[in-house]
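Visitor: Residue numbers (the working numbering), protein chains in the order written: chain A, 1 to 371; chain B, 1 to 371; chain C, 1 to 236; chain D, 1 to 233; chain E, 1 to 233.
Please note that the accuracy of each hint is not assured.
[Claimed, not checked] Covered by chain B, according to a simulated footprint, are these stretches of chain D (three or more residues, beta-carbon under 8 Å):
#1 17 to 27
#2 154 to 162
[Stated by the list, open to error] Example chain B residues on the side facing chain D (calculated, C-beta under 10 Å, incomplete):
#3 PHE10
#4 LEU49
#5 HIS92
Treat the hints as calculated values from the structure; they're not laboratory data. Cβ coordinates follow ideal geometry from the N, Cα and C atoms, glycine included.
Read off the chains here:
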Amino acid sequence: MLEVALRHRFAADGFSLDAGFTADGAGVTALFGPSGCGKSTILAAVAGLLRPQAGRVVLDGQALLDTATGIFLPPERRRFGVVFQEARLFPHLSVETNLRYGERRAPRGATGPGFEEVVALLGIGHLLARRPAGLSGGERQRVALGRALLARPRLLLMDEPLAALDTTRRAEVLPFLARLRDAARLPILYVTHALDEVDALADRLVLLEAGRVLAEGGVEALTARTDLPLAARRDAGVLVGCTVLAHDAARGLTRLGFGGGELLVPLRPEPPGSRLRLRLRARDVAVATEAPRSLSMQNVLPATLEAIAPTGTPHELFLRLAVGPTPLLARVTRDSAERLGLLPGQMLWALVKSVAFGLPAPASSRDGPPS
Amino acid sequence: MLEVALRHRFAADGFSLDAGFTADGAGVTALFGPSGCGKSTILAAVAGLLRPQAGRVVLDGQALLDTATGIFLPPERRRFGVVFQEARLFPHLSVETNLRYGERRAPRGATGPGFEEVVALLGIGHLLARRPAGLSGGERQRVALGRALLARPRLLLMDEPLAALDTTRRAEVLPFLARLRDAARLPILYVTHALDEVDALADRLVLLEAGRVLAEGGVEALTARTDLPLAARRDAGVLVGCTVLAHDAARGLTRLGFGGGELLVPLRPEPPGSRLRLRLRARDVAVATEAPRSLSMQNVLPATLEAIAPTGTPHELFLRLAVGPTPLLARVTRDSAERLGLLPGQMLWALVKSVAFGLPAPASSRDGPPS
Amino acid sequence: RAQDTLTVFAAASLTDAMRDFAQAWQARGNPAPRLSFAASSALARQIEQGAPADLFMSADEPWMDYVQQRDLVVNATRVSPIGNALVLVAPADQARPVALARDTDLAALLGPQDRIATGDPAHVPVGRYAQAALTWMGQWDAVSPRLARADNVRSALLLVERGEAPYGIVYSTDAAASRGVRVVGTFPAESHPPITYPFALMRRAQGNAQARAFLAFLTGPDSAGTWRRFGFALAR
Amino acid sequence: MNPGWLSAEEWQAVRLSLEVASRSVLVSLLPAVLVAWLLVRGRFPGRVLLDAVVHLPLVVPPVVVGWGLLMLFGIRGPIGAPLNEWFGVRLVFTSEAAALATAVMSFPLIVRAVRLGLESVDPGLEAAARTLGAGPFDRFLTVTLPLMSPGILAGTVTAFAAGLGEFGAVITFASNIPGETQTLPLAIYSATQTPGGEAAAGRLALISFALAIGGLLLAEFVARRMHRLLGRA
Amino acid sequence: MNPGWLSAEEWQAVRLSLEVASRSVLVSLLPAVLVAWLLVRGRFPGRVLLDAVVHLPLVVPPVVVGWGLLMLFGIRGPIGAPLNEWFGVRLVFTSEAAALATAVMSFPLIVRAVRLGLESVDPGLEAAARTLGAGPFDRFLTVTLPLMSPGILAGTVTAFAAGLGEFGAVITFASNIPGETQTLPLAIYSATQTPGGEAAAGRLALISFALAIGGLLLAEFVARRMHRLLGRA
Ligand SMILES: Nc1ncnc2c1ncn2[C@@H]1O[C@H](COP(=O)(O)OP(=O)(O)OP(=O)(O)O)[C@@H](O)[C@H]1O
Ligand SMILES: Nc1ncnc2c1ncn2[C@@H]1O[C@H](COP(=O)(O)OP(=O)(O)OP(=O)(O)O)[C@@H](O)[C@H]1O
Ligand SMILES: [Mg+2]
Ligand SMILES: [Mg+2]
């Protein structure tokens, strides 16, 4: 459990930060907010690289910073791995020595992913003998990521670690980070602009704006809210925790169970019983007033229309659906809503294309089972 | 018209680049490829900051580099604006002086967006008096972008200019870049990992891998191909050029015409007659074997199933559809395909949710009208 | 330190002659003496701070006094066997004899920008002798602002050799050794205190037979020829 | 102006020292930047030779430097003779000569510091300036020079300090003429060469020291501003 | 070993000069790095005073420095007396003394270069090292020191060159004893003090120059490697 409360002001009339939040003991907490809202500043303060004018940073009951009592644990004794926004590789060391820098200084007995594993996953094996100077932007960022991971930290702070990576590489690294979080029970503070990274990793979300915390909470709860800036995004939608029920290799399908019923998705690698989290994007959910037939969409879920909420765009609406206990959002045009004569309380069919899920990744094992 | 042909090898056993492509006179050519494939190296060579071992760079018939004849125009006389991957702001100058650096050196009479306009659009007005040192990652990148734009270049080279920006800011900057391309008829070479930026801006696409050009051509043609790495992406889909036919403000809808018929989309700001480009993602397209009813999906298009192609994922298939002359891709599970008994040549209904379009932006005015 | 090593601290202006003597000394079957040449002032201070000098050969009396006052000298051995003359030199190519007597108007010989080069009267021995001589001639007030005060005799000589100064006041030994200058006048002996080079055995070398022997050699009759060859005058 | 605890001559020496040190720095700054630029960026055959020539004043004793200057700039020297004939300029024995000798002596120190400053300039920023249309001279003035200014300042400070203490070359080349070329170090030296002159020498050395502190405080102030300007603080 | 065109004494002077210059650099390097670190990173009241003290050998004439050393380390000096009594060590008039005087004289030069090197180290990299668990000494050795090494090299080169040419302090503190403390510059001086010694002085100066070129070529080579190691080339 990480508790953070910070107050800091750069110069008299400069940017002022006043943010507090908590992060779970072994989950990913994503810091999300526009450019310049203070994300990197928060990471620096948690890492101990910035001493805020006032504040506390407490990890598992141990105060690392407390301006009230004058406690300040220097960064080198915090064992917080940091992936900086600008990589910050040591220019005089080879890529391999960069990677090993933290590893060598980790306490004996500290566990974490092995050197070969990290190198293979990040695809930097051919760079080991090189110096950072000639590396491409993405290569640099991957080495920085590897370096932080290999330091066997007890908390990982990552500042847009995948921003310079292409989709393919990201799709490889994200599940790895998720595994890491689960296997090493490593808490992670994760700064990103990309919602798919939030989906794949984050357990908690801290929404920031201009140095203040707008909202803070579990990802599933926050993504179902229509009053946050998140909902204005084109990829807004609800995260749903599921359990793998069965595989149908012949048809290439996996059956998932969730609080509101079952979903068919393309075959998943996880064994039955595993838990998954899927983003059902509001715009990927359609509704029908009668049970549809002859559609390629395999997921037709009976739902109750709980509420109709504005989307921010004048001619579109959010439909707040309840599929059993699970909330779901659908985004439809005002026109459709009128045509179908939608009214709160009405029974509907929610249609979800089976391939329309966000980038899937194993959810944290601490997620409660679907009730 | 920009013609580029480059050969370069770093060190004896290092990365080797051997790439050639052309870019249109006043359009955006996106360089697309995995980390380390040579994108930044190509930009550096075009800008004149790297002298390749062999190659030619010709803009509108004027050779800027020709290793065969020894021609080399120094970067300062090329007037190519560059947005570097790492911002490269002048640390000793204020943000405003950084922005004006290129503007002051632009030839008289060169036209381009005004200082106030650029500053307002990039949201950096409150930073003008600051020095770059304390800027956040995204702020820095925005200033770098502004600096390049204000230099009134005759070619713009941008290396992941929006990677550090949040979605909201990107959604503001992208249409601006599109306007710039059209108004100033400014050719742009654009490096990105994000497909939505390609959709919003690119006219041509150069797909790179390990220093080689995999494919090169118009965005619409390349996105319809299922044999390129592009198709393996979860957001793969065809770009379709459309014309705004009419607005229905009451229902909040805009009717678009394209080669295969009409589409209803949420109200667009463009006046009737404007041309737009929309990505119909394969996974946003469903098919039905009979005309569906009572769906919130407003776009049901009669289509011919031309071919069924593998997707790379074993249990999913691409359906190549022809909606009139317009190709369309749908991504369905093998199971659905079997259940519906799909066969090439068959008539189907393609279902597209009206809100399921990629980030829209005005397409280049040079796009041919939908035939 | 073995008794038979011998370290001589000698004023820089004795460099040439002392090298000659050292060779002659060696030729007589003695071990080579170690010679250290520097300004008398530097040598005197070093001796004060315990420098391992057995013999001190100063270019002027005050610095020998300085050492003697600090009780570092075997008083009985102090002698001033050689002397020098003070001369006026001019560049070889424009030398015209000047009669140096009381009231000789030296300033009149100088153009408006010209200077007379000599050692700095504040601390260089040759400068002090020059000051005395000029004062004796009644020229000090007129000439002192026109002096180019050099760090040592050699620098003063150089200024004349290079034509920067049309005249210089130096020792006759230095003048004799330079091809670039010509002696145009010799200051009367009575115009300045006698130019003498005091030698003495250091107290630390009281029992050093080598040192005593070498001092005796330097002051003995066999050396007279060498001293003269280098332009020094023998005292008395 | 003359504080009571300094003799008129000493006061003059202080003023002259400041003047000579300042002038020598001013004179050598521009050539030093040029030479540093050549040494760092130049690709020509005689680079190491140029480097060695720049270091020469450090390597040979100051007296020899003074002596060399006399050979060059003396009235019979290859530079001094035409200077005198054509312009009636005689350098030797003037405070200009003292400044020149001081400049030559401190030249390697400035060059070295400027070089270090130049070497730490990020070439990526110069590249950025090029793409923004800045030609060689333009980008040198607007980017390279400001970014290397910490090195220039450091060189200036070192050279100024060394200028305050320069002795051998000055006395050999410019001679010791009170009010004209007798700088503080010459006065100090004079004092130490006189039996019993220690007290006077000590007092003068203390004055030198005070001047150095003043210079350093000033440099510190400039450096602070500079660092802020360079966005490092 | 002895080439024919050098007298035994001159050859000895060459070797002694190299030895003295090298030893002086070796001796002063570590304290210089320490002092530079204090001056750049330290936040203590007497910082400018320390800075001034470091500059002192530049500011006062070398002869005065030698004189000061003589007073301190001489057999009657506050340091020299106990050294002699307790350990029987007599420094003055040995080649160690020459190295010490040279080290003191070149100290400000090394400190200045090292400072510049240190100032151009990106603090972000040190911060990164901290987050990877490197304590103060560890990160200084593994990050700061390598990154400031161009400054250290520059300081070494300058100090070595200056060491080859150091004259006033050495002759005053260590005396001019052939084979013991007579370095090249002292030999050159001796030659200039001898009527007709100009030729010998010139020859010796040329040797100094050759040594300097040798040192610079070596430094150039090291710098190349270093730049490659630092990923700048
Ligand atoms: N100076 C250099 N020396 C050696 N190799 C280099 C040098 N510069 C670049 N490379 C290598 O060339 C390859 C291409 O680099 P480049 O920066 O062009 O990649 P990129 O496509 O821009 O990648 P990214 O998306 O990660 O920025 C990389 O593997 C990089 O390591
Ligand atoms: N040293 C500083 N001095 C003054 N202002 C600063 C300093 N460091 C950061 N700021 C300001 O504080 C604000 C927050 O910066 P921060 O780097 O935390 O933003 P961020 O949320 O990480 O943004 P981005 O997504 O663009 O990286 C910015 O407006 C920035 O300009
Ligand atoms: Mg940031
Ligand atoms: Mg790149």
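Visitor: Now tell me, hint by hint, if it's right for this structure.
Guide: We went through each hint and held it up to the structure:
With 0 residues bearing a CB less than 8 Å from a CB of chain B, the region 17 to 27 of chain D misses the requirement of three and the coverage assertion fails. With 0 residues bearing a CB less than 8 Å from a CB of chain B, the region 154 to 162 of chain D misses the requirement of three and the coverage assertion fails. The closest approach between the C-beta of PHE10 (chain B) and any C-beta of chain D is roughly 16 Å, which is over the 10 Å cut-off, so the hint fails. Proximity of LEU49 (chain B) to chain D holds as hinted, the smallest CB-CB distance being about 5 Å (cut-off 10 Å).
At a threshold of 10 Å, the smallest CB-CB gap from HIS92 (chain B) to chain D is about 5 Å, leaving the interface hint in force.
Of the hints listed earlier, those the structure fails to meet are numbers 1, 2 and 3, in rising order.
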